[in-house]
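Based on the sequences and whatever the hints tell you, model everything.
Residues in the sequence shown are numbered from 14 upward in steps of one, following my numbering.
Be careful, since some hints might not be right.
[Unchecked claim] Just the calculated beta-carbon pair ranges, DEER-fashion: (1) 500 with 373: 30 to 36 Å; (2) 530 with 382: 58 to 64 Å; (3) 529 with 652: 32 to 38 Å; (4) 506 with 583: 17 to 23 Å; (5) 497 with 696: 17 to 23 Å; (6) 667 with 530: 28 to 34 Å; (7) 583 with 651: 19 to 25 Å.
In case anyone wonders, no lab produced these hints; they're calculated from the structure. Here a beta-carbon is modelled for each residue, glycine too, at the ideal position from N, C-alpha and C.
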Amino acid sequence: MLAAYNDYFILNALFIFCALILLAGVNWSSILVKLPYKGFINISLIGAIFHLAMEIWLPSALYHWSISLVLTLMLAVVAYLAYTAQLWGIAKAIIGQAATLSGVDSSAVKSPDAHGSAKWRALFLSIIVPVVVGTISLVLFHDPRRFLSSFEYSAHFWLLPKILAMVTYLSLFLFLFGKTGNQFRALAVCLMIAALSLLVSMITSHVYIDDMSAHNHLYSFGYINWLSYFLVIVALLLTDQETDRATIDTIDTQVKYLNYHDQLTGLLNRNTFIERLDQYTFQRRNSDFKTMLVLVGLDDFKKINESATLNDGDRVLVSVANRLQNHCPTASSIARLDGDVFGLVFERIKEQATIDLLMSKIASVFESDFRTDGGKRHKVSCSIGISLAPDHGITTESLIKSAEYALYHSKAEGGNQTTNYETWMSEGHERDRKLQLELKDAFEHDQFVLHFQPLVSVNTGHINGFEVLVRWQHPTEGLMSPAMFLPALERMNLMPQLDRVVLEKSLSIVSQWYHHYQYSSYLSVNLSPLLFQDPELPVRIEQQLKKYDIPPDCLQLEIVESTAIQDIQLGVDVLSALKSLKIAVALDDFGTGYSSMSYLRQLPVDKIKIDRSFIQSLEEDATSASIVKAISSLAHGLGKTVVAEGIESPEQFAFIKQFGCEEAQGFDLYRPITEERALELLLQQKAVVSSPS
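Written as C-alpha cells, this is what we have:
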C-alpha cells in the first residue's frame with residue numbers, strides 16, 4: 014500500500030534536502046550568519062522539515078496509534094518553538110501600527126507573560142490551531158456529521174502536517190508583513206499568500222471533497238505550494254542582502270553628515286568650515302576681490318545656562334543658527350565653531366559699503382528676543398570680529414587668528430559691538446594669553462601673598478584691625494599689584510577662586526596670631542561679587558572658623574556697595590546669615606551710586622566705608638565735606654560704624670574726626686605692610702598698652 018506513495022515520498026525527500034541546505038546556509042554561511050531575523054527562518058525551516066517528514070511517515074501512523082501520538086507531541090514542540098520565536102513581538106508591532114493609524118493607544122497591547130509555564134503555552138497553541146480550523150469548517154458547511162466522520166482519518170494523516178505547515182508559513186508571513194518592503198520582500202509576500210491559500214484549500218479538501226480524483230488533482234498543487242515556500246526563503250535572503258547594502262549606505266551617509274556638520278544646529282562644524290575657508294583664501298590670493306571672515310560670539314551666554322536650563326541654551330543656539338541662515342543667504346559658509354561662537358564667510362568683497370550692509374544683517378539677527386520652552390524670552394547680544402583675506406592673512410590659520418583677536422577685543426570692550434582686525438590687537442592678545450597662563454601657574458604654585466593695611470581708631474590712634482590686600486609674587490617680574498592681574502582674573506572667572514585662597518590664608522594667619530599672641534582684633538577680607546552671591550557662603554565660613562578654632566570677631570568681610578544691591582533680596586539674606594554668625598560686614602566704596610541712602614536701612618551691615626573720592630576732596634570741595642558729614646550722620650543714626658578710607662594728609666584726618674568717623678585708613682597713616690611687619694606692630698602696640706603708665 015505504501016508503494017503507491019513512492020513518488021510522493023521522493024518529492025518530499027527532495028524538499029527536505031532543500032530545506033536542510035537552506036538551514037545550513039542560514040546558520041553557517043559567513044554572509045548570512047548575521048541575519049537579524051535568522052531565528053524566524055530557522056523556526057520556519059525546521060517546521061517545514063517536520064511537516065514533510067510527517068507526510069512521509071504518516072501513512073504508517075494510520076495503523077499505529079502510538080506513532081500518531083508521537084507526531085502530535087512533535088507538533089506541540091514545534092508550536093512552542095514558533096511561539097517563542099518572537100512571533101508575538103511581531104504581531105504586537107503589526108497591531109501597534111494598525112492601532113496608531115486608527116488613533117488607538119498601542120501601549121494598551123500587552124505582551125504575554127515571558128515567565129509563565131512553557132509547557133502550558135505550547136499545549137494551548139498545539140490544541141487551539143486544529144480547534145480553530147475545525148470550528149471554521151463547521152461554521153462554513155453546517156454539517157458536523159460529515160466533518161466528524163472524516164476527522165479521525167484526516168487528523169492523523171493530513172490535517173496535523175498541514176496545520177504544522179500553517180504554523181511554519183505564518184511565522185514567515187507575520188515577519189514579512191511587519192517589515193518595510195522592497196521588490197524582493199513584495200515578491201515574498203505575494204508568494205506566501207499564494208502558498209497559504211493552497212495550504213488552506215488542501216486542508217479543507219480532506220474533509221469536504223469526496224471525489225478522490227479531484228482530491229488528488231488539488232494535491233498536485235502541493236508541489237507548487239512548496240516551490241512557492243522555498244522561493245519565499247530565497248527572496249527573503251536576497252532582501253537581506255539588499256537591505257544590508259541600503260543600511261550600510263544610510264549609515265555611511267549619516268556618518269558623513271556628522272563628520273561635516275554640527276549635531277546641534279545642523280550648520281557646518283569647525284573642521285569642514287576650515288577646509289572650505291582654505292579654498293576661499295587660495296582663490297583670493299591673486300584677485301581684486303576679498304574674502305571676509307566674520308566671527309559672531311554671543312555675549313554672556315553662560316548666564317542663560319546658569320539662569321535657565323542647558324536645554325534653553327541649546328534652543329537659543331539653534332535659533333541663532335536658523336536666523337543667521339535666513340538673514341545671510343549670501344554667505345558662502347556658515348558654521349558653529351565653538352560653544353557660542355559662529356563663523357561666516359563672505360566672498361567677492363570689494364567695498365566697505367558691502368561690509369556695512371552685511372554687518373547690519375547680522376545685527377538684525379539679535380534685534381528680537383529668543384523664545385525657549387515655557388514661553389521664556391531671552392535678550393541676547395553679540396560681539397563680532399572681522400578679518401579680510403588677503404589683507405589680514407593669506408593662510409586660513411592667520412585669517413582665523415586675526416578674526417579671533419578682533420572678537421576678543423569686542424568682548425573686552427564690553428561686548429555688543431563690531432571690531433575690524435588691526436595689527437596691534439594680536440600683540441595685546443598674546444600678552445593677555447601669556448598672562449592667563451601665568452595666573453593659572455600662580456594658583457598651582459601658591460604665588461599669591463598677603464599684605465595688610467592697618468585700620469586705626471580715630472580717637473586713640475590704635476590699630477583696630479587690618480584690611481587684607483593680595484599681591485602676586487611673580488617668579489620673574491617680582492611683586493605685582495592687584496591692578497596688574499585682577500582684570501584678567503575677572504575675565505577668566507577666577508575671582509571666586511582667588512577669594513577662597515585669600516580667605517583661607519587670612520584665617521590661617523589670624524589663627525596663629527590669636528592662639529600664640531592673644532590677638533583680639535580682626536582681619537578684613539574683601540569678597541568678589543561672585544563669591545558673595547553664593548548662598549552657601551555663610552555655611553562655608555562657619556566651617557572654616559571651626560576648623561581654625563577662632564572666634565567670629567577675628568574676621569570681618571568687605572563687599573562693595575554695587576554687589577550688595579545688585580540682588581537686594583539675596584544680599585539681605587546672605588548678610589543676615591553672616592550677622593547670625595556674629596561676623597562683621599563692612600560696606601565698601603559707599604556713596605558712589607545706586608541711591609545709597611535709600612538702601613542703607615535695608616542692608617544689615619555693621620560698618621560703612623566712605624569712598625576715598627569724597628575724602629580726597631574734603632579740603633577744597635565743600636560739597637564733598639557735606640556728603641561725608643551727611644553719610645556719617647545717617648550711618649550713626651542707624652547704629653553703624655563709619656570708616657574713612659584714603660586718608661592722605663593730616664588735614665583730611667582732622668576733617669573726618671570732626672565728622673565723628675570711628676576708624677580711618679590711608680597712606681598718611683599706614684601703607685600696606687607684610688605679615689611680619691603687621692605682627693611686629695601688633696606686638697609693639699600690645700607692649701605699650703600693657704606697660705604701666
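We went through each hint and held it up to the structure:
Distance hint for residue 500 and residue 373: a CB-CB separation of about 32 Å, consistent with the stated range 30 to 36 Å. Hint check: residue 530 to residue 382, Cβ distance near 60 Å, so the stated range 58 to 64 Å holds. In this structure the supplied range 32 to 38 Å holds for residue 529 paired with residue 652, their Cβ-Cβ distance being about 34 Å. With their beta carbons about 19 Å apart, residue 506 and residue 583 fall inside the hinted range of 17 to 23 Å.
Distance hint check: the CB atoms of residue 497 and residue 696 are about 32 Å apart, inconsistent with the given range 17 to 23 Å. Residue 667 and residue 530 have their C-beta atoms about 33 Å apart, which keeps the hinted 28 to 34 Å range intact. A C-beta distance of roughly 21 Å is found between residue 583 and residue 651, which places it inside the suggested range of 19 to 25 Å.
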